Every structure is written in C-alpha cells, then in structure tokens.
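Chains as they are written, first to last, in full-length UniProt numbering: chain B, 1 to 217; chain H, 1 to 217; chain L, 1 to 217; chain P, 1 to 217.
No lab work stands behind these hints, which were simulated from the structure alone. Here the structure is a predicted model, which means the values were calculated and not measured. Among the hints, a few may not be true.
What the hints assert, rightly or not - Sample of chain P residues lacking proximity to chain L, with all beta carbon distances greater than 10 Å (derived): (1) P14; (2) L40; (3) S69; (4) D99; (5) V100; (6) R158; (7) P194; (8) E199.
Said to hold, decoys possible - Label pairs and their computed distance ranges (CB to CB): (9) L:K127 - B:E197: 51 to 57 Å; (10) P:Q19 - H:K50: 20 to 26 Å; (11) B:R10 - H:T198: 49 to 55 Å; (12) H:R136 - B:E15: 29 to 35 Å; (13) L:A77 - P:Q19: 48 to 54 Å; (14) B:P36 - L:T55: 43 to 49 Å.
C-beta: ideal position from N, C-alpha, C; glycine also.
Protein chains: 4
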Amino acid sequence: MATESSRPIRARNPEEKQQRRSEILKAAERLWENTPYSELSMNQVAREAKLAKGTLYLYYDTKEELFLSLLNEHLQAWFTDVQDLIKAQPVTSAAQITDVLVASLRPHLSLRRLILLLSTVLERNIKPDSSTEFRRLVRRNLHDISQQLDLPPEVTFRILSHLYALVLGWHEASEAKSISYPANDQEKPKYERPDFETEIALALRAIVPVLMAEQTS
Amino acid sequence: MATESSRPIRARNPEEKQQRRSEILKAAERLWENTPYSELSMNQVAREAKLAKGTLYLYYDTKEELFLSLLNEHLQAWFTDVQDLIKAQPVTSAAQITDVLVASLRPHLSLRRLILLLSTVLERNIKPDSSTEFRRLVRRNLHDISQQLDLPPEVTFRILSHLYALVLGWHEASEAKSISYPANDQEKPKYERPDFETEIALALRAIVPVLMAEQTS
Amino acid sequence: MATESSRPIRARNPEEKQQRRSEILKAAERLWENTPYSELSMNQVAREAKLAKGTLYLYYDTKEELFLSLLNEHLQAWFTDVQDLIKAQPVTSAAQITDVLVASLRPHLSLRRLILLLSTVLERNIKPDSSTEFRRLVRRNLHDISQQLDLPPEVTFRILSHLYALVLGWHEASEAKSISYPANDQEKPKYERPDFETEIALALRAIVPVLMAEQTS
Amino acid sequence: MATESSRPIRARNPEEKQQRRSEILKAAERLWENTPYSELSMNQVAREAKLAKGTLYLYYDTKEELFLSLLNEHLQAWFTDVQDLIKAQPVTSAAQITDVLVASLRPHLSLRRLILLLSTVLERNIKPDSSTEFRRLVRRNLHDISQQLDLPPEVTFRILSHLYALVLGWHEASEAKSISYPANDQEKPKYERPDFETEIALALRAIVPVLMAEQTS
DNA sequence: TATGAATGAGATTTCATTCAT
DNA sequence: TATGAATGAAATCTCATTCAT
C-alpha cells in the first residue's frame with residue numbers, strides 16, 4: 001500500500017518496459033537541456049526518473065548507451081522534420097536544399113549538443129548492437145531523403161556529411177561557452193562571434209552546388 | 001649516474017621549469033597518441049614522465065589544464081607551419097589559400113583529436129588565465145597570418161573559423177572509429193567513407209572565394 | 001559461498017547499517033590496539049574491515065569522525081560498567097565512590113588512550129552533530145550516575161571531571177612510552193615511574209571528600 | 001647585493017647557528033599562539049622565519065623535534081618562575097606549596113597547550129638524544145626545586161607529577177574548545193564549565209598534604 | 001524487476017620530508 | 001649553509017558500475 005507511491009510499478013511486459021525506457025530517456029533529456037554531460041550523473045538521472053540507480057542499468061548498459069539513445073531520438077526527430085519540410089514545398093535547386101536543411105536545424109539545439117558528444121564521449125562503451133542500430137537509422141533516413149530529393153544516394157550522403165561536419169564544427173565555434181571570456185576581460189574579441197546559422201548557410205550554399213555538379217561528371 | 005634515473009633534475013629557474021612542463025607535456029603526448037582521454041590517467045602521465053604524481057600537480061592544476069596546454073603546443077606548431085608555408089610561396093588566390101591550409105593540416109593528426117577534446121572535455125576545470133592565454137595565442141597568430149595573407153583580419157578570422165569547424169566536423173566523420181563497424185557486419189557501408197582531406201579541400205575551395213568576395217561588398 | 005569472502009553482505013535497513021558501522025568500528029578498534037593514530041590509515045581500516053575504501057566514507061565522513069565514534073563506544077561501555085558496579089554494591093562514602101571509579105577504569109585501557117586523542121586530534125573535522133551527540137551521551141550518563149549515587153548533579157559532574165582530568169593526565173605520565181628511555185641510557189630514572197592506578201586512587205581519595213563537603217556549604 | 005635583503009645571512013659559527021635555531025623557535029612560537037598543531041605547517045613556520053622550508057630541517061630534524069624544543073623553552077621558563085617564586089617568600093606548608101605552584105602556572109598558557117601535545121603528538125619522531133635532553137632538563141629542575149623546598153626528591157617528584165597530570169587533564173577540560181557547543185545549541189550545559197585554576201588548586205590542596213605525609217611513614 | 005549498498009578507479013589536495021644544486 | 005623542487009603517503013571525494021537481496 002505504502003509502496004505504491006514510493007515505488008514505481010514493475011514493468012512486466014515489453015510495452016511497459018519500452019515505456020520505462022522512454023521515461024528514463026525523458027528524464028535524461030530534461031537534465032541534458034541545462035547540464036553538460038560531465039556534470040550529469042547517473043544518480044541525477046535516476047532521481048529525475050524517480051528510479052533507483054541500479055534500475056537505470058536494467059534499461060541502459062552504460063551512461064553512453066543512454067545518451068546514444070537520446071541522440072537516436074533527436075536524430076530521428078530531425079530526420080522527420082527534414083522530410084516533412086521537403087514534402088511541404090518543392091525542393092530541387094541547391095539553394096532550396098540548403099535553405100531547407102538550415103531551417104530544419106533551427107529548433108534542434110539539443111541535437112547539436114548531442115552530436116558533439118557523439119564524436120568524443122559516445123565513441124566508447126557502446127555495444128556493437130547499439131552502434132549498428134544507430135547506423136541503420138542514419139542509413140534508412142538517408143535513403144528516404146535521397147529519394148525525396150531525387151538525388152543519387154551518394155550525393156545525398158555527402159551533402160548530409162558536410163552538414164553534419166558543419167553542425168559539429170560550428171556548434172562549438174559559435175554556441176559553446178568553452179574557453180569563454182571572463183566577465184572583466186579587457187581584450188574583448190574584435191570580431192563578432194560568428195553566427196551558427198549564417199555561417200552554415202553560407203558554407204552549405206557554397207558546397208552543395210559543387211557536390212551536385214560532381215555527380216554528373 | 002645511478003642517481004639520474006632515480007630522481008629528475010630539479011627545475012630551479014624559469015627556463016628549467018618551462019623545460020619540466022614541456023617534459024610532462026611530451027609524456028602526455030606520447031600517451032595521447034594511442035590512448036583516449038578518458039582512459040588516460042594522471043597516474044600514467046606521472047609514470048611516463050618519471051615523476052611523482054604530486055609533482056604533476058605542481059605544474060598543472062588539473063588534467064584539463066594539462067591537455068589544454070597540449071592543445072596550445074599543437075596549435076602553435078600548426079600556426080607556425082601555416083606561416084612557414086605562406087612564406088615559402090606566393091599565396092594570394094583563394095585556391096592557393098585553400099591548398100596551403102589543407103596541406104598544413106596533414107601532419108597534425110594529434111591536433112585534430114585535441115580540437116575535439118576542447119569542445120567537450122576541456123571546457124571544464126580551466127582557470128580563466130589559461131583560457132585567456134589560449135585565446136591570446138589564437139588571436140596573435142590570426143593577426144600574423146592575416147598580415148601575411150594581406151587580408152582584412154575579419155576575413156582571415158572567418159576563413160580560419162570555417163577551417164576550424166571543418167576540421168572538427170570532418171575529423172569525426174572520417175577518422176574517428178566512433179560507432180565503428182563490427183568486423184562481422186553484414187551491412188557494409190555502401191558508400192566510401194569520406195576522406196578528411198578531400199572533403200575539407202572541397203568545402204574550403206567552395207567557401208573561401210565567397211568569404212573573400214564578401215569583404216569588397 | 002565463495003562469494004561470502006568476496007563481498008560483504010549489504011546493509012539495507014537501519015539495523016544492518018548500524019551493524020556495518022559497528023563492524024567498521026571493530027576493525028578500527030583492532031588496529032587501534034597496537035597502532036598509534038597517526039600511523040593508522042583509513043586504507044588499513046578498510047582492509048581490516050574487508051571493505052573498499054570508499055565504503056568507509058559512506059559510514060564515516062572523516063577519520064576523526066570514525067575515532068570519535070570509537071571513543072563514544074568505549075565511553076558508553078565504561079559508563080555502563082560504572083553503573084553496574086554501583087548497582088552491585090552500596091556506594092555512599094567518598095572512599096567507596098573512589099574505589100568504584102578506580103576499579104571501573106582498570107579494563108578500559110583503550111578508552112584512556114582515546115581520551116588523549118580527543119583533546120588533540122579529534123577537535124578537528126568533526127560535524128557539529130557528532131559533537132552534540134557526544135556531549136549528549138556524557139550528559140545522559142552523568143545524570144544517571146548522579147541519581148544512582150544520590151548526589152547533586154553538580155557534585156557528580158565535578159567528581160567525574162576530576163576523574164577525567166586525572167585519567168588524561170596520569171595516562172600520559174605512567175603508561176605512555178613518550179620520551180622513553182633508550183635502552184642504553186646510563187641515567188636511569190631515580191624514582192619509580194608512578195603507577196596509574198595508585199596515583200589516581202590517591203588523588204581521588206583526597207579530592208572526593210572535599211567536593212562532597214562543598215555541597216553542604 | 002640584492003641577495004642581502006632576500007636571503008638570510010649564512011650561519012657559520014656555532015653562535016650564529018644557535019641564533020638561527022632561536023629565530024626559528026620564535027617564529028614557531030608566534031604561530032603556535034593562535035594556531036593548533038595540526039593546522040600549523042612547516043611551510044608556515046618557514047615563511048614566518050623568513051627561511052626556506054629545507055633550512056628548517058638543518059636545525060630541526062622533524063616537526064616534532066621543533067615543538068619539543070619549544071616545550072623545552074617554555075618548561076624551563078616555568079621552572080625558573082617557580083624557583084623565583086619560592087625564593088621570594090617562605091614556602092614550607094602544603095598550602096603554601098600549592099599556592100606557589102598554582103600561581104606559577106597562571107602566565108603559562110602556551111605551556112599548558114604544549115603539554116597536551118607532548119602526550120600525543122610529540123611521542124613520535126623524536127631522537128633519543130632529544131628525549132634524553134628533555135628528561136635531563138626536568139630532572140635538573142626537579143632536583144633544584146626539591147632542595148629549595150627542603151623536601152625529599154621523591155616527594156617533590158610526585159607532587160610535580162600530580163601537578164603535571166592536573167595541568168594536562170584540566171587544560172583540556174576547561175580551556176580547550178574541543179567538542180565545543182555550537183552557537184545555537186539549545187541544550188546549554190547546566191553546570192558551569194569548571195575553572196582551570198580553581199580546580200587545580202582544590203585538587204592540589206587535597207593531594208599535597210597526603211603526599212607530604214606519606215614520606216614520613 | 002527494483003533497489004541502493006558496495007566497489008574501485010581515478011582526481012585532487014595537503015604536507016612532512018628529502019635532496020640536487 | 002640555504003634553497004625550493006620533488007617525493008610519496010594518505011585523506012578525501014566523485015562516479016560509473018556491479019550485485020546481493
């Protein structure tokens with residue numbers, strides 16, 4: 001009786017388990033929004049999910065698996081957004097492609113931060129299975145998008161790879177507070193801190209035509 | 001003689017201290033070449049440098065400071081390489097600039113890995129001083145290079161920012177073994193894994209002219 | 001079965017936790033019997049208790065807390081002994097009180113050594129809570145004893161304070177090997193090293209009547 | 001030239017060395033007045049003495065030796081005071097002896113704190129030589145005093161031993177802030193904190209006659 | 001399945017002491 | 001003799017992960 005409020009209901013069947021995984025993910029998500037990875041402990045996630053630390057490990061083998069899963073979610077959400085945008089309007093020219101891609105990124109700040117993680121932290125402690133699943137997800141969406149854009153998959157792949165690199169690189173260069181300026185720093189930076197979207201748009205607009213041109217050769 | 005191996009020479013004057021810092025850095029460097037950050041312990045660095053653990057902390061306050069310092073070294077080495085390359089041959093066109101920059105990166109694999117670190121791990125546990133020093137180094141070299149290239153500093157800054165983003169982004173996409181394919185994976189990637197240098201060259205060649213053109217407007 | 005030696009049983013409910021605390025205390029106790037405080041490391045305690053170092057810190061915040069707890073135990077044991085002795089025989093005269101107190105100390109060598117610690121080392125690194133708990137223990141027992149002796153609490157308090165001072169002072173003067181005589185010392189001490197019990201008895205026998213007399217005035 | 005102000009003059013001959021020892025002792029003394037032993041680092045002593053840490057160790061082998069030396073000084077000063085007091089007025093009765101001893105302690109707070117140290121910390125890390133020297137000092141003064149008081153040395157020895165025990169014990173009970181009451185503690189101690197001098201006087205007054213009487217038996 | 005105590009590795013700090021210069 | 005860098009042991013703390021219940 002007293003236990004009901006203090007203990008979560010046991011997840012017995014697969015659906016309940018999936019539900020539980022999802023709750024954990026949502027908890028991690030909430031914390032991730034305003035906590036950097038290194039300061040975000042499994043303990044906190046457990047507390048936020050109202051579960052015991054050990055329970056987390058029934059659903060995710062490692063901290064990295066948990067965050068890779070989070071990345072999966074966000075990536076899928078973004079892929080969906082991209083596809084929706086393409087469906088909503090004709091996208092054929094290089095400029096249109098660029099615009100759609102740049103616009104699609106706007107609401108996905110968390111994804112951008114997660115992508116940085118992938119490259120460093122998430123490399124380790126990942127089961128081959130999770131890694132395979134991740135690549136499968138990317139491949140599947142890549143394929144769908146290349147069909148929608150009516151481009152050869154190789155070209156789509158390179159475009160998105162460049163986008164990925166730009167997102168990863170520019171995220172850090174523009175938004176991360178890393179090596180930040182102390183409040184009283186006399187040597188203020190002379191140049192504007194570059195804007196994520198502007199620079200990515202500029203770069204993509206320059207790159208995409210080249211990639212599209214290469215296919216014909 | 002026998003003593004030589006048992007105790008390091010004491011670093012008394014500033015030069016010797018700098019020397020000792022440098023030795024520690026070299027030890028960290030050797031380990032860094034084949035050990036990921038998270039598996040590289042201060043204990044190991046101490047052993048490799050043939051110093052006591054406590055001594056390390058006389059020279060570097062935290063693990064992060066140590067690696068930021070390593071990044072500093074590599075960055076300076078690269079900046080020097082870039083400047084040497086520019087001196088060695090006329091570099092005026094966008095294509096020439098791109099070629100020089102791309103070529104300069106070739107021997108700096110460690111730098112590329114370190115840059116990834118900066119964006120995630122090195123954000124934390126860094127004294128404002130170290131952060132300031134880091135930015136000063138970047139600024140100084142940026143200034144020098146912009147003079148050599150006879151370009152407005154803002155343009156140089158943006159070019160290098162794009163280079164930075166591309167390095168950061170493409171490093172991960174091409175060389176990192178992250179989310180790697182298990183040996184027995186049936187689903188071999190259909191597309192060639194993109195090549196770091198090729199893609200960066202392609203992108204930079206497309207971007208630099210745009211940036212140089214913007215200045216006149 | 002084989003597991004029994006590799007991992008301690010987990011302390012889940014409060015009683016088991018108290019049990020675990022007590023085991024740690026017993027381990028500390030065993031070491032304390034033949035190791036001076038400064039040479040007794042938390043590492044050793046952990047090994048002796050067959051626990052990981054970190055586990056110790058789940059139960060005791062600092063080395064000082066651990067030893068204050070040890071003192072608590074011993075003090076309580078002694079207080080209990082005193083009360084049992086008083087119950088066992090009529091104790092009314094000053095002489096009887098003295099005899100009981102002196103006799104009660106005999107088996108508590110560890111307590112005497114701990115009391116010395118209290119005055120120097122244990123002052124530091126103690127949470128207010130622990131300090132309060134310690135004083136509460138003293139007060140409670142003081143109260144009980146004064147009731148048993150049918151003396152005003154103030155008198156009991158002063159008698160025990162003198163006993164405390166004498167124990168602290170004479171412990172050092174008689175048993176401690178401090179500033180000990182080297183084996184080959186020509187200057188043998190001319191006088192007998194005073195005996196702890198004799199001197200305390202002598203002093204207490206002289207003091208107690210005075211204190212008891214003062215109450216009537 | 002510049003060195004003169006920044007470096008102490010070299011102590012070459014024995015007098016200069018003694019002088020240097022004395023300076024170190026004075027530095028330690030100044031710090032000891034308001035710093036507990038455990039918080040008083042050799043580094044601080046070195047700074048206070050305007051010497052390098054290593055130099056301290058040319059004059060004192062260990063931290064304990066240094067503080068034993070400090071104790072020596074204070075003890076000698078007190079012995080001298082006692083002897084001066086005895087010379088200044090007739091001291092024959094037990095009461096007079098007690099009064100003189102109690103009065104003599106008044107200005108020697110530092111000594112009282114040092115005596116506590118002796119019993120715990122100073123036991124260790126002491127060369128036999130220092131220990132011998134310490135006992136020699138005690139013996140010499142004991143002898144002188146017993147002559148002045150015209151008492152058998154054994155009796156003087158026991159009286160002073162009791163005094164020592166009382167000082168040690170009551171110092172802790174009355175002055176030390178150990179296990180102190182937090183400011184907002186509701187459970188204020190019901191009884192007055194006993195006064196060092198009052199209690200020692202009371203005890204000594206009761207004990208000395210007994211000891212003096214025993215000699216005749 | 002759920003729990004949270006236990007683990008153990010590693011980072012960091014402090015400090016008495018040693019030793020090359 | 002004087003120096004202060006180097007040592008190394010120990011305390012402390014944090015955290016991902018494991019495992020007995």
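Hints versus structure:
No Cβ of chain L approaches the Cβ of P14 (chain P) within 10 Å, the least distance being about 25 Å, so the stated non-interface status holds. Taking the minimum C-beta to C-beta distance to chain L, about 12 Å, the non-interface status of L40 (chain P) holds against the 10 Å cut. Here S69 (chain P) stays apart from chain L, with its beta-carbon at least about 13 Å from theirs, past the 10 Å limit. No Cβ of chain L approaches the Cβ of D99 (chain P) within 10 Å, the least distance being about 16 Å, so the stated non-interface status holds.
Under the 10 Å C-beta cut-off, the non-interface status given to V100 (chain P) relative to chain L holds; the minimum distance is some 19 Å. With 10 Å as the threshold on Cβ separation, the claim that R158 (chain P) sits away from chain L is violated: the shortest Cβ distance comes to roughly 7 Å. The claim that P194 (chain P) is not at the interface with chain L is violated, since a C-beta of that chain comes within 10 Å of its own (minimum 5 Å). For E199 (chain P), the requirement that its beta carbon stay farther than 10 Å from each beta carbon of chain L is not met, with the minimum near 7 Å.
The beta-carbon spacing between K127 (chain L) and E197 (chain B), approximately 53 Å, falls within the hinted interval of 51 to 57 Å. For the pair Q19 (chain P) and K50 (chain H), the beta carbons lie near 41 Å from each other, so the given range of 20 to 26 Å is not met. Take R10 (chain B) and T198 (chain H): their Cβ atoms lie about 54 Å apart, and the range 49 to 55 Å holds. Distance hint check for R136 (chain H) and E15 (chain B): the Cβ-Cβ separation is about 57 Å, which falls outside the suggested range of 29 to 35 Å.
For the pair A77 (chain L) and Q19 (chain P), the beta carbons lie near 53 Å from each other, so the given range of 48 to 54 Å is met. Against the hinted window of 43 to 49 Å, the Cβ-Cβ separation of P36 (chain B) and T55 (chain L) comes to about 29 Å, which falls outside the hint.
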